[in-house]
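Novice: Using the hints provided, position chain R with the ligands relative to the given structure of chain F.
Those protein sequences? They're chains F and R, same order as listed.
Each residue of the first sequence is one higher than the one before, starting from 1 at the first, in our numbering.
Each residue of the second sequence is one higher than the one before, starting from 1 at the first, in our numbering.
Hint data in this document are derived by calculation from the structure and do not stem from the laboratory.
Being a predicted model, the structure only gives us computed values, none of them experimental.
Even glycine gets a Cβ: it sits at the ideal position worked out from N, Cα and C.
Check the hints yourself; a few may be wrong.
Not the full set, but computed from the structure, chain F residues with beta-carbon under 7 Å of chain R [claimed, not checked]:
#: 1; residue: SER98
#: 2; residue: ARG110
#: 3; residue: TYR113
#: 4; residue: LEU115
#: 5; residue: LEU123
#: 6; residue: LEU126
#: 7; residue: MET130
#: 8; residue: PHE141
#: 9; residue: SER143
#: 10; residue: GLN191
#: 11; residue: THR193
#: 12; residue: LEU194
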Amino acid sequence: MLGEEYIIDVQGLTTRLGEYTIHERLNLTVRRGEILGIVGGSGTGKSVLMKTIIGLIKPSSGHIRVFGQDISALSESERQMIGKRWGVLFQDGALFSSLTVAQNVEAVLREAYSLPRDLVSELAALKIKMVGLPPEAGDKFPSELSGGMRKRAGLARALVLDPEIVFLDEPTAGLDPIAAAALDELIQYLQKTLGLTVLIVTHDLDSLYAICDRVAALAEKQVLVTAPLDELVKYPHPWVQAYFHGVRTREQEPQAMDVN
Amino acid sequence: MPDAWFSHHPSSPESTLVAGGVWQLSTLATLIQEIDALLPQITTSELCIECDTLKSLDTSGAWLLQRTLLRLEENGTCCQLKNISPEHQALLTYVQEYGQQQRKEKVTNAWLANSLVSIGQSCLFSWNEALRFIAFLGHMVTTTGRVFKNPALMRVTATLHHMEMVGIRALPIVSLTAFLIGVVIAYQGATLLKQFGANIFIVDLVAVSILRELGILITAIIVAGRSGSAFTAQIGMMKVNEEIDAMRTMGLDPMIVLLLPRLLALILTLPLLTFIADFAGLAGGALISWITLDINPILFVQQLQTVIAPSTFYVGIIKAPVFAAVIALVGCFCGFQVSGNAESVGRRTTTSVVLSIFLVIIMDAVFSIFFSEIDF
Ligand SMILES: Nc1ncnc2c1ncn2[C@@H]1O[C@H](COP(=O)(O)OP(=O)(O)OP(=O)(O)O)[C@@H](O)[C@H]1O
Ligand SMILES: [Mg+2]
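With the rest of the complex left out, here is chain F (with noise of 0.2 Å):
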C-alpha cells in the first residue's frame, strides 16, 4: 500500500503478563506476501506474541507497526478499519457458542459491510466450502462440531473479509495430514492468488517445509532467527538442532533434501 517493504514490523518487543517476562527485546519483521511460520516450544509465547500484534495484549515497551501503523497508538475506529484488513485464527477457534457455523461467518461480514442477505450466506458458504467443510456443517453450532472442523471454521471466519494479513494460530494442529496438506494447499493457493500475507504458527513440519517462505524460531524470549527453513536447520543453536533433527523429525529430513 505505502510501498513499504515490512507490513508486520515488530522492534524491541517486551512483553509482562503478571510478573513473567514472555518476550524481551524481541524483534520480527513479515514481508508483504510471505508466508512466515513461526516455531517455538510449547509455551514460549508464540500464541502471546500474535496477540500482541494484533493489538489484544498491551507490550510492556517496543514498536509494533502492521501496515506501517502504530498498533499501541490507534484510536478506536482506526482499530475497526484495520481489523477489516487482517483476519485471526485462534489456537482454540474462539467461535461465537452461541451461533451456528455458517452465522459466525457471515457474522463478520455484516459488521463489515451492508450487503444483501442471499449474496452474504452465499459468501459465507463459499468459504466453508473453501476450508474443506461440508455444507451440512454450516448448520451446526461450534459444540457440535470435531475439533478439526472447529478449525477449520474459525479459519473460514478469519479468511471471510479477504484480508491482506492472516494470523494462523496452528490452523492444522487436529487435522488429519491428508486435511492438513488440503488446508496448506488452500493457504498457499490465496498467498499466490490474491497476495495473501500469512502468519503462522505450527509444530507441523510437513507446513513449515511445504509452505512457509521463511520461518522465525523463538527461544529465550526472542526470536532467534529469522531464514528460510533449509537455512534455519543449519543453524547453530541447542535448541533449533533439538527442534529439527530430533527423533520425531528424523523421518522428514529427505523431505528437507528435495525442498533444496
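Specialist: Same frame as chain F, now just chain R with the ligands:
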C-alpha cells in the same frame, strides 16, 4: 470515477457490458446495486463482458462476477468474458468450483401451522423437562442413599466451602434487607395502630409477620437469586467445558462432587440465615416502635415474650430446609441441563432463578394452609 463499475459499453451498448475497477469486498455493495439494476434490462441472447479494465479481484468479487454470469445464463443469456487476465480467470474457476448460488426459498404463509408447531414443541419440551427432573431427583435419592451407607464419600471440605459462600457471605445483604422490611412493617403498622390507640400491638404485628412469613421468604428469595444462579452458572460452565464428562471418566460422580455439597450446605445454612434475618427484622421493628410509638426495646422484648408463642418462630424456621432443598435442586438441575454454548448458560440461569423463587412461594402457600389446618 468510481472504484468499481459494471455498465454498458459505450461503443456497443447492446451486446457488451464492462466490468472494471476493483472488484473487492469493499466495493461489492455498490456493484451489486448496479448489477441488480442492469440485469433486468438485458434481453439479448448473447453477451460479451469486457474485463480489460478489471484491476483487481478477490474471492468475494470473483464470486459476485460468477454469480452474475449464472444469473444471466438462467435468463437465457449466453455470456463470454473478454480480455480477462489469466489470474482472474483462475480465481473465477476456483470459486465456480466451490461456490453455489442460493435458491430463493418460497416464503409460505404458514403462520397458524408454525404457531401450532411451536406450542407443541414447548409442551413436549416441558414434559421432557419434568421427566428429566424426576429422573434427577431419583438419581439424587439413590446417591444420597449410597453416601449414607458410606459417609466417607461425602465431600466435607467442599460442603464447608459452599457454606461459607452461600451462608456467611450472604449475611450482610440478608440481614440488611430483613432489617429494612421490619422497619417498613412497623412504620406502616404504627400509623394505623395509633388511630386505635392500640400501640402495644405493634409487637404482635411485627413479630408474627416477620417470624412466620417474611423472614424466611426474604432470605429464601435472596439466596435463590444469589446462590441458585451461581450454582447453575458454575455447573453450566463446567458442562460447556466438558469438565463434567472428564469427571465421569475419572470415576467421580458429579452428583456426589457437585450436587450433594451444595445441597447440604444450603440445607444447613438457610435456617441459620433465617434466624439472623428474623433477628434483624425484629430489631428494625423495635427501632421504629421506639421512635414512633415510644415503646422502648425492653418493653418490646417483654411484650414479645408474653404474647408470641414459640411456635410462631418454629413455623418460619421449619420451612427453611425445605426451601433450601428446592433452591439447591433447581439450581443444580438447571446447571446440568446446560448444553453447548454460552447462551444456554444464560438462559438456564434465568430459568433457575425464576423457577426457584416461584416454587418457594408456592411451597410457602402450601405451608400456610397446612399450618393453619393443624392450628400450629
Ligand atoms: N493471560 C495470561 N496471563 C498470564 N500468563 C499467560 C497468559 N497467557 C499466556 N501466559 C503465559 O505466557 C506463556 C506463553 O504462552 P503462549 O500461549 O503464547 O504459548 P505458546 O507458545 O503459544 O504455546 P503452545 O505451543 O502450547 O500454544 C506461557 O508461559 C503462559 O503461561
Ligand atoms: Mg499457542
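Novice: Please name the hints from earlier in the document that this structure breaks, with their numbers sorted from lowest to highest.
Specialist: Those not satisfied are hints 2, 10.
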